[in-house]
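Reminder that position 179 of the sequence shown reads as 179 in the UniProt record's numbering, one-by-one numbering, no gaps.
Worth flagging that the hints you see were computed from the coordinates, not collected in a lab.
Hints may contain errors.
Label pairs and their in silico Cβ distance ranges [stated by the list, open to error]:
(1) Pro86 x Val52: 48 to 54 angstroms
(2) Lys60 x Val26: 32 to 38 angstroms
(3) Thr139 x Ser100: 51 to 57 angstroms
(4) Val85 x Val164: 15 to 21 angstroms
(5) Val27 x Leu50: 37 to 43 angstroms
(6) Asn133 x Phe55: 40 to 46 angstroms
(7) Leu172 x Asp143: 39 to 45 angstroms
Pairs of lysine to any residue residues, derived as SDA-like cross-links and limited to a Cα-Cα distance of at most 25 angstroms, are as follows [claimed, not checked]:
(8) Lys47 x Val91
(9) Lys130 x Phe105
(10) Lys131 x Ile68
(11) Lys131 x Leu50
(12) Lys47 x Tyr127
(13) Lys60 x Cys142
(14) Lys60 x Arg151
(15) Lys130 x Phe55
(16) Lys130 x Ile141
(17) Lys147 x Thr45
(18) Lys47 x Lys19
(19) Lys47 x Gly153
(20) Lys60 x Leu83
(21) Lys47 x Ala75
(22) Lys130 x Lys147
(23) Lys131 x Thr49
(24) Lys131 x Ala154
(25) Lys147 x Val24
(26) Lys47 x Cys142
(27) Lys60 x Leu37
(28) Lys60 x Ser120
(29) Lys19 x Phe105
(30) Lys19 x Arg176
(31) Lys131 x Gly153
(32) Lys131 x Leu109
(33) Lys19 x Val91
(34) Lys147 x Lys19
(35) Lys47 x Ala117
(36) Lys131 x Ile76
(37) Lys130 x Ala161
(38) Lys130 x Phe79
(39) Lys60 x Val91
(40) Lys131 x Val52
Ideal Cβ positions, reconstructed from N, Cα and C, are used throughout, including at glycine.
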Amino acid sequence: METTQNKIERNPSQETYSKTFFLVQVVLRLMAFVASLIATVVMATNKQTLEVYTFQIQAKFSNSPSFIFLVIGNAIASFYALLSVPFVFVVDSKSSTSRSSFFIFLLDLMIMGLVLAASSAATAIGYVGKKGNSHAGWTPICDQVGKFCDRAGASIVCSYASFVLFFLLLVLSANRSKNTTVASSY
């Protein structure tokens, strides 16, 4: 007698969904890798020297702990996104046990939180650099180091794109988990 689980595994629509899920997951992970890597490289190479009379003022990412956090957070995210692709192949080939899927889900969640925190911290500093803060006596600097601010902004945008991609991975995994739970209960 054939078990319910065997009937579910042979369901063609479930098989198509599984292949589509796998393909979308790999594409999203590779896109997250690229977005995080671009955010890392653009910010890590960001510097501009400004000459004021006889003084040289250098704006560089390492002057701000928030920008350093953005570089480190996105470097970790890009490394994880690339490393997770082969792991997803292994999990998918084992017909995805709930424990390994949950482990990937938790790691995706942690990385998404890391990228969001790094992006938010860099956004706050970028905003102060662009607008200043009259209450604290901080003047805007982006009118003097425009190239630096433009590159920082581009890096932050790529970092938020990485966040969105990791968020989509979480939604995809949660949806699959819901479908697996429903299918298993029948």
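How the hints compare with the structure:
{"no.": "1", "hint": "Pro86 x Val52: 48 to 54 angstroms", "result": "holds (51 angstroms)"}
{"no.": "2", "hint": "Lys60 x Val26: 32 to 38 angstroms", "result": "holds (36 angstroms)"}
{"no.": "3", "hint": "Thr139 x Ser100: 51 to 57 angstroms", "result": "holds (52 angstroms)"}
{"no.": "4", "hint": "Val85 x Val164: 15 to 21 angstroms", "result": "holds (18 angstroms)"}
{"no.": "5", "hint": "Val27 x Leu50: 37 to 43 angstroms", "result": "holds (42 angstroms)"}
{"no.": "6", "hint": "Asn133 x Phe55: 40 to 46 angstroms", "result": "violated (24 angstroms)"}
{"no.": "7", "hint": "Leu172 x Asp143: 39 to 45 angstroms", "result": "holds (43 angstroms)"}
{"no.": "8", "hint": "Lys47 x Val91", "result": "violated (42 angstroms)"}
{"no.": "9", "hint": "Lys130 x Phe105", "result": "violated (37 angstroms)"}
{"no.": "10", "hint": "Lys131 x Ile68", "result": "holds (21 angstroms)"}
{"no.": "11", "hint": "Lys131 x Leu50", "result": "holds (19 angstroms)"}
{"no.": "12", "hint": "Lys47 x Tyr127", "result": "holds (17 angstroms)"}
{"no.": "13", "hint": "Lys60 x Cys142", "result": "holds (13 angstroms)"}
{"no.": "14", "hint": "Lys60 x Arg151", "result": "holds (11 angstroms)"}
{"no.": "15", "hint": "Lys130 x Phe55", "result": "holds (22 angstroms)"}
{"no.": "16", "hint": "Lys130 x Ile141", "result": "holds (6 angstroms)"}
{"no.": "17", "hint": "Lys147 x Thr45", "result": "holds (12 angstroms)"}
{"no.": "18", "hint": "Lys47 x Lys19", "result": "violated (44 angstroms)"}
{"no.": "19", "hint": "Lys47 x Gly153", "result": "holds (13 angstroms)"}
{"no.": "20", "hint": "Lys60 x Leu83", "result": "violated (30 angstroms)"}
{"no.": "21", "hint": "Lys47 x Ala75", "result": "holds (18 angstroms)"}
{"no.": "22", "hint": "Lys130 x Lys147", "result": "holds (12 angstroms)"}
{"no.": "23", "hint": "Lys131 x Thr49", "result": "holds (20 angstroms)"}
{"no.": "24", "hint": "Lys131 x Ala154", "result": "holds (17 angstroms)"}
{"no.": "25", "hint": "Lys147 x Val24", "result": "violated (36 angstroms)"}
{"no.": "26", "hint": "Lys47 x Cys142", "result": "holds (13 angstroms)"}
{"no.": "27", "hint": "Lys60 x Leu37", "result": "holds (18 angstroms)"}
{"no.": "28", "hint": "Lys60 x Ser120", "result": "holds (19 angstroms)"}
{"no.": "29", "hint": "Lys19 x Phe105", "result": "holds (18 angstroms)"}
{"no.": "30", "hint": "Lys19 x Arg176", "result": "holds (12 angstroms)"}
{"no.": "31", "hint": "Lys131 x Gly153", "result": "holds (13 angstroms)"}
{"no.": "32", "hint": "Lys131 x Leu109", "result": "violated (32 angstroms)"}
{"no.": "33", "hint": "Lys19 x Val91", "result": "holds (13 angstroms)"}
{"no.": "34", "hint": "Lys147 x Lys19", "result": "violated (44 angstroms)"}
{"no.": "35", "hint": "Lys47 x Ala117", "result": "holds (23 angstroms)"}
{"no.": "36", "hint": "Lys131 x Ile76", "result": "violated (30 angstroms)"}
{"no.": "37", "hint": "Lys130 x Ala161", "result": "holds (21 angstroms)"}
{"no.": "38", "hint": "Lys130 x Phe79", "result": "violated (31 angstroms)"}
{"no.": "39", "hint": "Lys60 x Val91", "result": "violated (42 angstroms)"}
{"no.": "40", "hint": "Lys131 x Val52", "result": "holds (21 angstroms)"}
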